[in-house]
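*Asks:* Residue numbers (this note's numbering): 12 to 502.
Hints were generated in silico from the structure; no laboratory data involved. Since the structure is predicted, the reported quantities are computational estimates derived from the model, not experimental observations. Please note that a few of the clues may not be correct.
What the hints assert, rightly or not - In silico DSBU-like pairs for lysine-lysine, Cα to Cα no more than 30 Å straight-line:
{"no.": "1", "residue 1": "K245", "residue 2": "K230"}
{"no.": "2", "residue 1": "K214", "residue 2": "K171"}
{"no.": "3", "residue 1": "K43", "residue 2": "K223"}
{"no.": "4", "residue 1": "K188", "residue 2": "K274"}
{"no.": "5", "residue 1": "K303", "residue 2": "K390"}
{"no.": "6", "residue 1": "K311", "residue 2": "K245"}
{"no.": "7", "residue 1": "K163", "residue 2": "K311"}
{"no.": "8", "residue 1": "K311", "residue 2": "K214"}
{"no.": "9", "residue 1": "K106", "residue 2": "K188"}
{"no.": "10", "residue 1": "K188", "residue 2": "K21"}
{"no.": "11", "residue 1": "K274", "residue 2": "K110"}
{"no.": "12", "residue 1": "K214", "residue 2": "K230"}
{"no.": "13", "residue 1": "K274", "residue 2": "K222"}
{"no.": "14", "residue 1": "K311", "residue 2": "K274"}
{"no.": "15", "residue 1": "K223", "residue 2": "K274"}
{"no.": "16", "residue 1": "K157", "residue 2": "K226"}
{"no.": "17", "residue 1": "K93", "residue 2": "K171"}
{"no.": "18", "residue 1": "K311", "residue 2": "K428"}
{"no.": "19", "residue 1": "K273", "residue 2": "K349"}
{"no.": "20", "residue 1": "K223", "residue 2": "K311"}
{"no.": "21", "residue 1": "K163", "residue 2": "K230"}
{"no.": "22", "residue 1": "K303", "residue 2": "K230"}
{"no.": "23", "residue 1": "K365", "residue 2": "K106"}
{"no.": "24", "residue 1": "K245", "residue 2": "K163"}
{"no.": "25", "residue 1": "K110", "residue 2": "K245"}
{"no.": "26", "residue 1": "K106", "residue 2": "K93"}
{"no.": "27", "residue 1": "K222", "residue 2": "K43"}
{"no.": "28", "residue 1": "K361", "residue 2": "K349"}
{"no.": "29", "residue 1": "K43", "residue 2": "K106"}
{"no.": "30", "residue 1": "K223", "residue 2": "K188"}
{"no.": "31", "residue 1": "K106", "residue 2": "K274"}
{"no.": "32", "residue 1": "K226", "residue 2": "K21"}
{"no.": "33", "residue 1": "K110", "residue 2": "K365"}
{"no.": "34", "residue 1": "K222", "residue 2": "K390"}
{"no.": "35", "residue 1": "K43", "residue 2": "K110"}
{"no.": "36", "residue 1": "K157", "residue 2": "K188"}
{"no.": "37", "residue 1": "K226", "residue 2": "K93"}
{"no.": "38", "residue 1": "K163", "residue 2": "K110"}
{"no.": "39", "residue 1": "K214", "residue 2": "K365"}
{"no.": "40", "residue 1": "K303", "residue 2": "K451"}
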Amino acid sequence: MTTFYVVVDKPGDWQPYYPSQDVITFDDYLNKVGVNRKSRIRIINLCRSYRYLGTGYYCSLLAEARGHHVFPSAATINELGKNSKASLYLENADKILQKLPSANNGDTLSFNCWFGEVLNDNYSRIAQVIFEHFPAPLLEVQLQYKSGWQIKQVNPVSLKSLTDPDEQEAFANTFEKFSRKMWRKPKARKSYRYDLAILVDPKEDMPPSDKKALKLFEKAANELGISTEYITRKDYMRLPEYDALFIRETTAVDNHTYRFAKKAEAEDMVVIDDPVSILRCTNKIYLADLLKNHSISTPKTVVLNQPDSEELQELVNEIGLPIVLKIPDGSFSRGIIKAETFAELEDGVKLLLKESSLLLAQEFLYTDYDWRIGILNNKPIYACRYYMVRNHWQIYKHGSTTKSGGFDTLPTFEAPKAVLDIATRASQLIGSGFYGVDIKQSGDRVVVIEINDNPSIESGVEDGYLGEQLYTEIMNEFLRRMEARGRKNIQ
12 MTTFYVVVDK PGDWQPYYPS QDVITFDDYL NKVGVNRKSR IRIINLCRSY
62 RYLGTGYYCS LLAEARGHHV FPSAATINEL GKNSKASLYL ENADKILQKL
112 PSANNGDTLS FNCWFGEVLN DNYSRIAQVI FEHFPAPLLE VQLQYKSGWQ
162 IKQVNPVSLK SLTDPDEQEA FANTFEKFSR KMWRKPKARK SYRYDLAILV
212 DPKEDMPPSD KKALKLFEKA ANELGISTEY ITRKDYMRLP EYDALFIRET
262 TAVDNHTYRF AKKAEAEDMV VIDDPVSILR CTNKIYLADL LKNHSISTPK
312 TVVLNQPDSE ELQELVNEIG LPIVLKIPDG SFSRGIIKAE TFAELEDGVK
362 LLLKESSLLL AQEFLYTDYD WRIGILNNKP IYACRYYMVR NHWQIYKHGS
412 TTKSGGFDTL PTFEAPKAVL DIATRASQLI GSGFYGVDIK QSGDRVVVIE
462 INDNPSIESG VEDGYLGEQL YTEIMNEFLR RMEARGRKNI Q
């Protein structure tokens, strides 16, 4: 069960908005809301000032001491207090600021934003970037023009600063979206012990889980007392509402999935997969070095750094042809070229070097299928054989349409022991999350091709043997981790 409170200094601070028993004063929070072992408590701190040793500062500080999830965090309040040039230099902000209308040097402008939203659409993108860096309910942003707009100051402001009726209405609407669970009837709020956010991209062509699989995850979670809600990249600001995050879209370090994982981890949420796993798994060069240094068998592998013809000839002498070239962060068979001849090798290297300064070159091992062993918390939970597309050397063949080969799913005890053992050993180098280890087996030779964070779970494929039990096992792991996190927070 989750209990929500909005903390204000005086009851009148909330007067323009819809009354709620969940709105309490700081004095009430200080004296009446303590640690509750049977309920998870979430606090939205709307005190008038976050100055050092003020009520807003103490509200967040005490909330964290009591094991409550609070927004904004004490760390955010401290960061806002610095307002140094370094803290105001935000990644991607310059490109957005350059799109604002030009002005005279020395000109300034300011605007209010709430939960990353504003009235004036011209400032919406910069407001979102600022909110991601300083996640706080209400901020005043000051910009100054010096051969281009720059962020001069970011200050937290109180509800009392919203005197414009349009701003008050916009704040109320955004606040309702941000903490919509506050307005549920008590009976609905008591239905589940924990809240799980499932990050999806409805427009993704090849998502890790299809709609039916997502529904099966939802069903399994609900049966275990876990409420689920699908969120998208637009819901970044709502992450503190949840106890856990399950990423079900293709991950990458340079997009929002990694930011979501980092944010969830910072909020002390359970997250699969965690940012470290994403960082390690999405770069094939890192993986190749990691596996080599821990004596995990792989195909013969060489890292290429702007090679000339002489170096490529040495590569051929070492590995032989064909050679498989890979960019470090390709997925679903993208960014991979098989070179049958030396000329194809040179052309392939030139093409892929446009996307990455380093490439991976591997010996080509043909097999009819690749093993995919699903590993959760260092234990195999499913075993699949993914077959190559007919008359093609990969599982996927991209063209005007994407084709995939066949598959079959076995109980893990029917997979070769050598395959299970190497999959488990390899995944342990990454962490204790949820991984899909791709393996080739040729005679007695068993090698790891790659380790995938956030592996595919599609209805009728990976669940071909366990059925709905597979979804239950994964949700059980979330439950185990959330319960462990709860025990840790109340000790």
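*Asks:* Check each numbered hint against the structure and report the violated ones by number, ascending.
*Replies:* Hints 2, 3, 6, 7, 8, 14, 16, 19, 20, 21, 22, 27, 29, 32, 35, 36, 37 are the ones this structure does not satisfy, whereas the remaining hints hold.
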